[in-house]
Each structure stands twice: as C-alpha cells, then as structure tokens.
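Trainee: Given next are the chains, with one letter for each unit.
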Amino acid sequence: MTARIQKQANPESLLLNMGPSHPAMHGAVRIMLELDGERILNSEVEVGYLHRGFEKTCENRTYFNLLIYTDRLNYVSPLINNVGYVMTIEKMLSLQVPERAQYIRVLMSELSRISDHLTCLAAMAMECAAFTVFLYNIKAREFIWDVIEATTGARMTTSYIRIGGVRADLRPDYPESVQKAVLETRKVLKDVHGLLDKNKIFLSRTRDIGLMTPEDAIAYGWTGPCLRSTGICYDVRKAHPYLVYDRLNFDIPLGERGDNYDRYMVRMEEMEQSLRIVEQCLARIPKSPGRVMADGLEPAEAIRASRLKKPGQAIRLSPNLEGAEKDVYKNIMADDPRFIIPPKEEAYTSIEGLISHFKFFMKGHGIRPPKGEVYFSVEGGNGEVGYYIVSDGSDKPYRLHLRAPCLHLLASLEDLIKGRLVADIIPTFGSMNIILGELDR
Amino acid sequence: MEKKKILDEIEQAFPEKVLETSAPFGEETVELRPGALLKVVEFLRKKPYEFTMLLDLTCVDFPERDERFEMVYHIYSLALNRRLRIKLSLPEDKASLDSLTPLWKNANWLEREAFDMFGVRFEGHPDLRRLFMNEDFKGHPLRKEYPLRKRQPLIPLRKSP
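Line order of the protein sequences matches chains A and B.
0 is the number of the first residue of the first sequence in numbering that gives the first Met the number 0; add one for each residue after it.
0 is the number of the first residue of the second sequence in numbering that gives the first Met the number 0; add one for each residue after it.
I should point out that these hints are in silico values taken from the structure, not numbers from a laboratory.
It is possible that part of the hints are untrue.
Unchecked claim - Pulled a few chain B residues facing chain A out of the computed Cβ check, cut under 10 Å: (1) Glu-8; (2) Met-52; (3) Asp-55; (4) Asp-60; (5) Asn-80; (6) Asp-97; (7) Leu-102; (8) Trp-103; (9) Lys-104; (10) Asp-115.
What the hints assert, rightly or not - If you want the ones that stay clear, here's a sample from chain A, every Cβ over 10 Å from chain B, calculated: (11) Lys-329; (12) Glu-345; (13) Val-389.
Ideal Cβ placement from N, Cα and C applies to all residues, glycine included.
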C-alpha cells in the first residue's frame, strides 16, 4: 500500500515505519515517519488494524444482545461504555431507573475511570523508564478490579449495566472492599506523585512536549482529560449532568499548558476527584431493604417446589442466578416489565412468567424503542463517549454510531509530533491514552 | 423558551436553506438543503452562538428513500453549553457535499470515515482516502446492501526484493 507520505517524501530523508506492532504502540496503530536525522519532518498515522465492524454488527443484533459488544470498545473501562449505551436506550424509552441503581452506576463508572487513568499513566510512565510506577499503578488497579470482579463477575467484559438498571446488587461486603481499594489507590497516588512530579527524567520527556493550544484542541474536537489539560473546562458530568452527578461534590482539575506533563497531572488529579465521588456514593447510596443475597434453590428444585408451594409462599433462587430474583429487582431495575428481563422465579415457576420471558427474547419482540434518533454521551476515561442511535421501531437499531474520543485525539498526533524527535512520540502517544478497541470500532 | 429561540433564529437567517427544525427527545435538530451546509455552519460558529466544536459527523443510509444518505453533524457550543444537530440528505448519484476541513481539523478523519463506510464524497477535502479499510476494499461496508458476512479477497503478499 502506498501511503501519502511515501509519495510526498523528500528522496533524501529517511522513511521509518513505527508499528503496527511496536512495543510502545498500545494496540495496533502504524505511524510512518519522514525523518531528518532524529527530527520528524512529516508523519502519517494509519488506523484500522483493529476494525471489527462494531457498527455493522450492532445493526444486526437486538438492543439487548449488542450490549456485550460495547464492553469491547474501551476495554479498560467497559462499565462506562455500558452506561453510555444503556442510557441512550433509556432516553429513547424514557425509562426511570431506581436511585440505588443510579448510585451503583456512578460508583462503577468512577472505579472504571480510576482504572482507566491508572492504566494509561502506568504505560506512559513505563515507557519513560519509570517501571516502579507501572508496578504500583497495576497493583492499585488490581484492588479496583477486585471490587469490579466481585460485583459484576468479570474483570473486563462486564456487561453489568443493563437497560433499566444493573444486573445484580452489590455484594454484602462491598463497603469494606471499596474502602480498601480507595485506601490502596490513595497510597499509590501519593507514591506516584513523589516518584514522578519532580523527576528530572520524567520532566524532560514530558514538559513542553506534545504542546496543544486550547484553540487547536477545540478544533480537533478533543474532550476529556486531554482537553482539560489545555485549560478548557468541559466535562460531560458537569455540562450535561446524568445519573446522580449533580448531587455529588467534585471538582474539574484543569491544566495550563496542554503538554504531556499537564495531561499526566490532570489524570492524577482526576483520580483524586473520582475517589471523592466513590466515597460520597458509599455514604449516600440508598440502603437496599431486605437481604442482598438469597440462599435459595436451583432452577430444577425451584420448579419442583413451585408445584408444592402454598399461596403467598416465596421461592428463592440459588445465588448463581443472583440479580434475577424478584426481591432484588425493585432496588436495581426499572419498574416496567416491557423493557426488563422477567424475574427468574416467574420464568421458572409460572406460565405467565415463561411467556413474558419468551416475549422478551423472541425475534421481533423485546425492547423496541419508538421511531426516532437520539444522541447521548457520558464522560468516559478519555473523553466524551457518545452514542447516536437511529431506531426504526424494530428490535434492532437501524443505525448505531459511536463517538469515540480517541479518534479525535489520534487525529491530532501528526501535528503534535511534527518537528519533534522520535523519542517524543512515545510520551505524547502514551499521555493521550489511545485505546484502539474504541477508535477502530 | 431559550431552546426554541436558536432554531427560530437559524430559520430566520436562512429561510430558503432550512427545510425543517425540530427537537426530538429535547435535541435540537436543523434539516438543511444540500449545499447550504458551509454557510449555516459559518454563521453558527460566530458570536453569539459560538458552536466551535465538531462533536461528531456520521451518515445514515436509507436505501428506500430518493435522497438516500442522511449526513448527521453534531456541533457543540462551549459558550452556550448546548448541542445542535444538523442533517442533510443526499441522493446516491450525487452523494457529495462541502468538506468541513477548513473549519474543523477533526473533520479530516471523520469525513474519511464517512467516505470509507458510505462512499459519500466531500469536496475540498485535502486527502480523501479510506480510514479503516484497506485501499483495495471493494464496496462500502455500512451501506445497507453490503452483506454482514461478506468476505473480501486477501491482500497478496508483497514479494521481497
């Protein structure tokens, strides 16, 4: 394939290929460089190596089914993608979510945001030769992922946020595990500040490198921590509050210069703010009435028991169907049987429940939003994650488009590295947190 | 009240260019005639609106309509804290419109994506190539007639010199 840069390049300069498999390219992205010595004269970024037809696939899946594909977009913070998609559908259906579920969503989003920033800074610091920071950050992320794993059942491919609410309630011991994660992350943040903030090697590779002016950042459509590092205050959580963000206290950290160091600093400060939000959520989350976990019966036993049961007697399901019990539903799921999976007790023990279960999953039935189009966005790890969905009234989206924040960030890389040295690509690329799963879709 | 105002003002400023204004789900939408895009967008970028950010650009394919491609732009104003959606319809045989690359830098990649996926052409784009697909790719994958599981021939290995 002949790239633009190959045609334009000066015959005397050196053409260098960086990527698509390169240790410092997170994922598979190819940067062609035209070099004069070590200075970059021109460059060309080529993406698409991870394109898997997300939007096309979604047009052929039902609204319920395609949730799992949203996990795989930004795979470091899948829960935020889930929230974005699910809330777009809820906006179309005008569905009200219970308060407890809203707090759980905020809690999970903020934990994901911390894990996203930790991963980004870990990789960035490692590439700037600070391997200790990498290990510390990954250690803190493990504590956060422990909470996520205990709640959702998976570390990365969570599919936890569902249309109408969340899949299961929090574990009974969640306050302790979340507090432990918060404590450990605070410790790590303090250590990382100590290791990097005034570190000469780190500063010389990040200060005044990858400079972006506020005007250019807007012209490139930057959002998230990268836009805020240039000093522009735009955060979807504040600008268009969703869930319960308008009731929580948090600040928006801003940078001044818009260089790599500011992007690092904004991410560090944002994690502090996210920890604040997590603590407020812990304090304010409405208590769930009744038991959080059920010690009940396997489906087969439940069916047998239902044949013998007396009127008014409840049947509990086993913990591995957790989250699908009727008792839990009223805390974490919207009160509209058209758009949520019927509780498992009903599906297993009554003919009406079975019918409504079938109706939910049958082709052409299930969730069918009204005709129309909707755009909704949430604040993701690296910017505004927006979903644009066109519905034709059927059970599949007519068109689903994802606004990937990374695309807008990476589009500016050619400008950021022009005239700089080859070594400057690595911290610049690292500080932007390019997630190819989201960019290439 | 405020919401209505902006749409009305656009309609008053360009009476012959605006087809329809609406606000489904509270999202303000302006439908324009083809060819009117640059003028309207330049008007919206100035004060007092200052829609300085191009959030998103995409296309929707409606094969059964006469004007098959619907271009959808989402722009955002930091000053007003408000989003606006602009829509244009294009027929298949004349699927081209003005490029926004002189106004927004990220339009470069977004328009390349729309070209890649739908085959819509942008006039004045400096480098209109496919973004995600390879150069030899036949067809435009997000058009409705493109089958979900269609295979493309493998790219032949380049002979080493």
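Trainee: All hints, please: hold or fail.
Mentor: Okay, the hints, checked on the actual structure:
1. Checking B/Glu-8 against chain A by beta carbon gives a least distance of about 21 Å; that is not within 10 Å, so the hint is violated.
2. The beta carbon of B/Met-52 comes within 5 Å of a beta carbon in chain A, closer than 10 Å, and the hint placing it at the interface holds.
3. Given the 10 Å rule on beta carbons, the hint for B/Asp-55 holds: about 4 Å separates it from the nearest Cβ of chain A.
4. Of the supplied interface hints, the one on B/Asp-60 holds, with its beta-carbon coming within about 7 Å of a beta-carbon of chain A, less than 10 Å.
5. The criterion of a C-beta within 10 Å of any C-beta in chain A is met by B/Asn-80, whose closest approach is roughly 5 Å, and the hint holds.
6. Hint status for B/Asp-97 relative to chain A: violated, with the closest Cβ pair at about 17 Å, above 10 Å.
7. The beta carbon of B/Leu-102 is positioned within 10 Å of a beta carbon in chain A (closest approach about 8 Å), and the interface hint is therefore held.
8. For B/Trp-103, the interface hint holds, the least distance from its beta-carbon to any beta-carbon of chain A being 6 Å, beneath 10 Å.
9. A cut of 10 Å between beta carbons decides the hint on B/Lys-104: the least distance to chain A is about 5 Å, and the hint holds.
10. Evaluation of the B/Asp-115 hint against chain A yields a held restraint, the C-beta minimum of about 8 Å falling below 10 Å.
11. The beta carbon of A/Lys-329 sits about 27 Å from the closest Cβ of chain B, which is more than 10 Å, so the claim that it is off the interface holds.
12. The Cβ of A/Glu-345 sits about 32 Å from the closest Cβ of chain B, beyond the 10 Å cut-off, so the non-interface label holds.
13. At the 10 Å boundary, the C-beta of A/Val-389 falls inside the reach of chain B, the nearest C-beta of that chain being 6 Å off.
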